[in-house]
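Peer 1: Quick note, the sequences are listed as chains A and B, same order. Just so you know, we're using my numbering here: the first sequence kicks off at 1 and counts up by one. Just so you know, we're using my numbering here: the second sequence kicks off at 1 and counts up by one.
Calculated directly from the structure, the hints in this document are not laboratory data. Watch out, some of these pointers could steer you wrong.
Claimed, not checked - Within a straight-line C-alpha distance of at most 20 angstroms, the following computed EDC-like cross-link-like pairs (lysine to aspartate or glutamate) qualify:
hint	chain 1	residue 1	chain 2	residue 2
1	B	Lys107	A	Glu527
2	A	Lys13	B	Glu71
3	B	Lys54	A	Glu524
4	B	Lys3	B	Asp15
5	A	Lys7	B	Asp69
6	A	Lys13	B	Glu76
7	A	Lys590	A	Glu14
8	B	Lys54	A	Glu14
9	A	Lys17	B	Glu71
None of these values were measured; they are calculated from a predicted model.
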Amino acid sequence: MAKKGWKRPPMTKERFKNQFRNIVGNPFNVIVMITLLILFVFIVIPLLTMVQNTFVVTRGSLRFVQKLYPGAQVGDYTLYSWRYLFGPEAFDSAGRGFQYTTNYSTLFIPLIHSLTIGFFVTVISVPLGALMAWLMVRTDIPGKGLLSALILIPYMIPSWCKALSWLTVFRNSLSGSTGVLTGLGIPIPDWLAYGPFAIILVMTMHYYAFSYIMVSGALRSINSELEEMGEIQGANKAQILKSITLPLVLPSILSATIMTISKSIGTYGVAARLGNTIGYFVMATKMKDLLGSSSTESIGYVFSILMIALAAGTIVVNQKLIGTRKSYATIGGKGTRSNLIPLGKIKYPMLVILAIFLIIAMVMPMFFLVMESFQIIPGAGYAPSNLSLYAWIGEVENAPHPAFKQDGLFRNSTFYGALWNTVKLSFIASLVTAVFGQFFGYITTRGRGKWYGNAVEQLIFIPYLMPGVAFSAIYLAMFGKPQFGGLIPSLYGTFLLILIVSIVKHFPFASRSGSSNMMQISVELEEAATINGAGFWRRIGSIVIPLAKNGFLSGFLLSFISIAKELDLIAILMTPDNYTLSFLSFDYSKEAMPQVADAICIIIIVFILVTNRIADKLGGNVSKSM
Amino acid sequence: MSKIVLSHIDKFYGDNHVLRDINLTIEDGDFMTLLGPSGCGKTTTLRVVSGLEKPQHGTMTIDDRPIIDAEKAFYEAPSKRGLNLVFQSYALWPHMTVFQNVAFGLKIKKMSKAEIEETVMHALKTMRIEEYRNRYPNELSGGQQQRVAIARAIASSPKLLLLDEPLSNLDARLRIDMRAELKRLHKETGTTIIYVTHDQVEALTMSTKIALFKEGEISQIATPLELYTNPIDLQAADFIGNPRINFIHATGIFDGETFRVTSPFGTYEYKKETMKLDEEIPLNKEFECVLGLRPEMVDIYTEDPHHKNTVPAKVYANQPAGSETLITLTVQNTEFLAIQVGLVEYDMNQDVFVVLHPGRMNVYNKETGRLIKFAKTKHKAGVDD
Numbered sequence: 001m002a003k004k005g006w007k008r009p010p011m012t013k014e015r016f017k018n019q020f021r022n023i024v025g026n027p028f029n030v031i032v033m034i035t036l037l038i039l040f041v042f043i044v045i046p047l048l049t050m051v052q053n054t055f056v057v058t059r060g061s062l063r064f065v066q067k068l069y070p071g072a073q074v075g076d077y078t079l080y081s082w083r084y085l086f087g088p089e090a091f092d093s094a095g096r097g098f099q100y101t102t103n104y105s106t107l108f109i110p111l112i113h114s115l116t117i118g119f120f121v122t123v124i125s126v127p128l129g130a131l132m133a134w135l136m137v138r139t140d141i142p143g144k145g146l147l148s149a150l151i152l153i154p155y156m157i158p159s160w161c162k163a164l165s166w167l168t169v170f171r172n173s174l175s176g177s178t179g180v181l182t183g184l185g186i187p188i189p190d191w192l193a194y195g196p197f198a199i200i201l202v203m204t205m206h207y208y209a210f211s212y213i214m215v216s217g218a219l220r221s222i223n224s225e226l227e228e229m230g231e232i233q234g235a236n237k238a239q240i241l242k243s244i245t246l247p248l249v250l251p252s253i254l255s256a257t258i259m260t261i262s263k264s265i266g267t268y269g270v271a272a273r274l275g276n277t278i279g280y281f282v283m284a285t286k287m288k289d290l291l292g293s294s295s296t297e298s299i300g301y302v303f304s305i306l307m308i309a310l311a312a313g314t315i316v317v318n319q320k321l322i323g324t325r326k327s328y329a330t331i332g333g334k335g336t337r338s339n340l341i342p343l344g345k346i347k348y349p350m351l352v353i354l355a356i357f358l359i360i361a362m363v364m365p366m367f368f369l370v371m372e373s374f375q376i377i378p379g380a381g382y383a384p385s386n387l388s389l390y391a392w393i394g395e396v397e398n399a400p401h402p403a404f405k406q407d408g409l410f411r412n413s414t415f416y417g418a419l420w421n422t423v424k425l426s427f428i429a430s431l432v433t434a435v436f437g438q439f440f441g442y443i444t445t446r447g448r449g450k451w452y453g454n455a456v457e458q459l460i461f462i463p464y465l466m467p468g469v470a471f472s473a474i475y476l477a478m479f480g481k482p483q484f485g486g487l488i489p490s491l492y493g494t495f496l497l498i499l500i501v502s503i504v505k506h507f508p509f510a511s512r513s514g515s516s517n518m519m520q521i522s523v524e525l526e527e528a529a530t531i532n533g534a535g536f537w538r539r540i541g542s543i544v545i546p547l548a549k550n551g552f553l554s555g556f557l558l559s560f561i562s563i564a565k566e567l568d569l570i571a572i573l574m575t576p577d578n579y580t581l582s583f584l585s586f587d588y589s590k591e592a593m594p595q596v597a598d599a600i601c602i603i604i605i606v607f608i609l610v611t612n613r614i615a616d617k618l619g620g621n622v623s624k625s626m
Numbered sequence: 001m002s003k004i005v006l007s008h009i010d011k012f013y014g015d016n017h018v019l020r021d022i023n024l025t026i027e028d029g030d031f032m033t034l035l036g037p038s039g040c041g042k043t044t045t046l047r048v049v050s051g052l053e054k055p056q057h058g059t060m061t062i063d064d065r066p067i068i069d070a071e072k073a074f075y076e077a078p079s080k081r082g083l084n085l086v087f088q089s090y091a092l093w094p095h096m097t098v099f100q101n102v103a104f105g106l107k108i109k110k111m112s113k114a115e116i117e118e119t120v121m122h123a124l125k126t127m128r129i130e131e132y133r134n135r136y137p138n139e140l141s142g143g144q145q146q147r148v149a150i151a152r153a154i155a156s157s158p159k160l161l162l163l164d165e166p167l168s169n170l171d172a173r174l175r176i177d178m179r180a181e182l183k184r185l186h187k188e189t190g191t192t193i194i195y196v197t198h199d200q201v202e203a204l205t206m207s208t209k210i211a212l213f214k215e216g217e218i219s220q221i222a223t224p225l226e227l228y229t230n231p232i233d234l235q236a237a238d239f240i241g242n243p244r245i246n247f248i249h250a251t252g253i254f255d256g257e258t259f260r261v262t263s264p265f266g267t268y269e270y271k272k273e274t275m276k277l278d279e280e281i282p283l284n285k286e287f288e289c290v291l292g293l294r295p296e297m298v299d300i301y302t303e304d305p306h307h308k309n310t311v312p313a314k315v316y317a318n319q320p321a322g323s324e325t326l327i328t329l330t331v332q333n334t335e336f337l338a339i340q341v342g343l344v345e346y347d348m349n350q351d352v353f354v355v356l357h358p359g360r361m362n363v364y365n366k367e368t369g370r371l372i373k374f375a376k377t378k379h380k381a382g383v384d385d
């Protein structure tokens, strides 16, 4: 760093000694070093390892690689995986090398499926979320208090739980057990029960929340005087909405759009549950499929890179378009007093729309999940003779139906094992994440504009760019086998690996919550302590921690929720010993045991709602967890 | 004893050169004010002294003990410099009571409980806030918070007390009260104080010495009286004094012995003893200069006082403000401001006579903007000068 007008003095022994002492003697610098090291080891190296793995020939793929590279040996580096998907051979329909059709079904069909889903989910959920945001923030719609409490609940229900509840209604004979409608004798075609239609609907009921949260944030920051000025100029409501309000919230809508596309392309659980049955693959599910076999593993990693590129690309485009990822929130002036727009005649129709949304997205899924958990034969109606508590507390020898193969949940050691794993994982991971998050936040706020502050901020942002499945793929690549000549043993199948993935994936969120927390603690409070003789740790202990306590706790609880319901992130790393509730439920639902799967879902949902309520009381907010 | 010497301090933020070769000596017991508009480097200088900022160049000693030696990358820890700091924002720890705030530094020094109790209560009594000892900062008014911040800073009996715009968050009345309080504190404790402000009234009323900052440099170090009477350049003159000094365009010629200045007020002659001869002054050549005339040095008469420095003038506007009256006057086409104590009524365009005191005026070289003739710092009533 050359500084104008200032020449670095010559390095003398004394200067070096003092400088060394200044740097190493300050625990802050040491923490920055450790942080950079951690981020490097757990983000950069695994990512590079995965890239490397796309080139390495494995025992499983050797046979196929040799078709293209006749002399290739295990451990060699080839372009096989890339050529498999993109090379000229892949497009060669004449039959040399690979078949066009192989490549077509491996890459292009899932890609097109993912893009289709991303497109439709976005087209439906963004206007829906924006409309709801506008209704809730800017209009005099009745029952606001209740509505605002309810409107984000659908988002808190894990998306794969909603997929399960979709199946409770629309399942047909393909699933082994039937759903409500088939049970009533209404034939449900496969395209309705499974596939893109179902996936799009279920995701919409989930990802509306992005636009709702972002647009309502932007709307809240707009001074209503801007709109009133339009009124004084003689514009009518529609004109004001079109020419004043909409342009002002446009950046937030754009952000929400990008987020929705990126997230819906990356979602695994919903697509797997609703697509795999009929062989409808999207990129996320295809990737898991490819990673599952050693002959196609390296192609799976290429897939993962593609997904990361796709998701990261959209987010980067968003940032380029918006400027920075925060700028949309800074519209408006000091006026927070906001006069609501009277809806007049459309007041009740709008209320009905909201009510229908809540019924579809919250009441019905919950209702069908709860009811099915009590059913003896799914889809056979709710007559008392078909209801039992078996799925919850039954014993297998008294099972009312031969389809039940194990004890009810609360008698089932697998359930308790999964419960324990979930609590253990969520607790440790969110505690570690929250603690790290505070340190990251501390470093990024105190080091704003300095190279290390920027470096930490950039590195932490990387996991945010990656869909959960793709993110865990890089860990599979890194820790799936011993590394550095056995220095790091294979962690596949260990709780530790799942823990590490859960922690690192939640770094971006934890660090953002940490930095908003640290931003509230003025640097001067710490400087005052420095002047009074407090060292770094004393400052952290006596000043920063007491003041950061509440923010820390709500950050902790929000990560706790997020990790407890996580499915996508851990799906490809799961082994039976480490089953969490989410994965157990997912697994049961595959095994034609929907009642038990439903019951677990309900437990998770109740748990999320309760924890969220506590976090809310502590000043946390679900909108921060995005 | 605590004598602080800063020499050749340079501070960069990236390419931004915020402190340029700062040289400043603060004698034991001084109330040194760093004065200047915002962004001129005065707070940075204070932070360099406190140890919160590390300059890239220069040295600092306290009582000949090295504190900063940038060349050797040596920077004494803030807590080992024997000083304390009052922040502009007060920086009171919101989760601690008044007592805990003041006791914090003493606890770190591992004082005994009884000692802490005594020291804290003494500090609180000095600032007359002992009854708030168990309150939290957000339960106190701005003025009370300010007192807590000062109590916290003096509790450790620092040899040097640093104050960073401590009064800027108070309302006008409280500010006057706290000024008196700080002045008393300085006298009672005898502590050396470095005080940062952009408010010249604070600087003039409280300091024993003022360092005037301009764009990262110190342009003048002087006592308040010197600074007010003889600001070193036009910018300093313009900055110091409220209402502002009048600048009157003039021409001058200096023959080595006598300096003749001609302005709409007439021609004045100054002896070379009153001049600042180390400045750039053209010899035997007419050059443009600027007369500095303080508003309070204009005496207004309705009848001709038959004084040798009388000039007829016209009243342009009149602004009575209770304790004082501002009168805008014109002589030929030159407009200037006068101030008189109490309520005085003049009509618009009224003809009056003004008596001026050439010896009390400053003269600046217009081209360099520097002071070339001193005004007399002391004058007796009734003596013409």
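Peer 1: Indicate, hint by hint, whether the structure satisfies it.
Peer 2: Hints versus structure:
1. B/Lys107 / A/Glu527: It holds: about 17 angstroms lies between the C-alpha atoms, which stays within 20 angstroms.
2. A/Lys13 / B/Glu71: Holds - the C-alpha atoms of B/Glu71 and A/Lys13 are around 11 angstroms apart, at most 20 angstroms.
3. B/Lys54 / A/Glu524: Holds, because 16 angstroms separates the two Cα atoms, which is no more than 20 angstroms.
4. B/Lys3 / B/Asp15: Since the Cα atoms of B/Lys3 and B/Asp15 sit roughly 32 angstroms apart, the hinted pair is violated (cutoff 20 angstroms).
5. A/Lys7 / B/Asp69: 15 angstroms, holds
6. A/Lys13 / B/Glu76: Since the Cα atoms of A/Lys13 and B/Glu76 sit roughly 18 angstroms apart, the hinted pair holds (cutoff 20 angstroms).
7. A/Lys590 / A/Glu14: Outside the cut-off at roughly 70 angstroms; violated.
8. B/Lys54 / A/Glu14: Distance ~17 angstroms between B/Lys54 and A/Glu14 Cα, so the pair holds.
9. A/Lys17 / B/Glu71: 12 angstroms, holds
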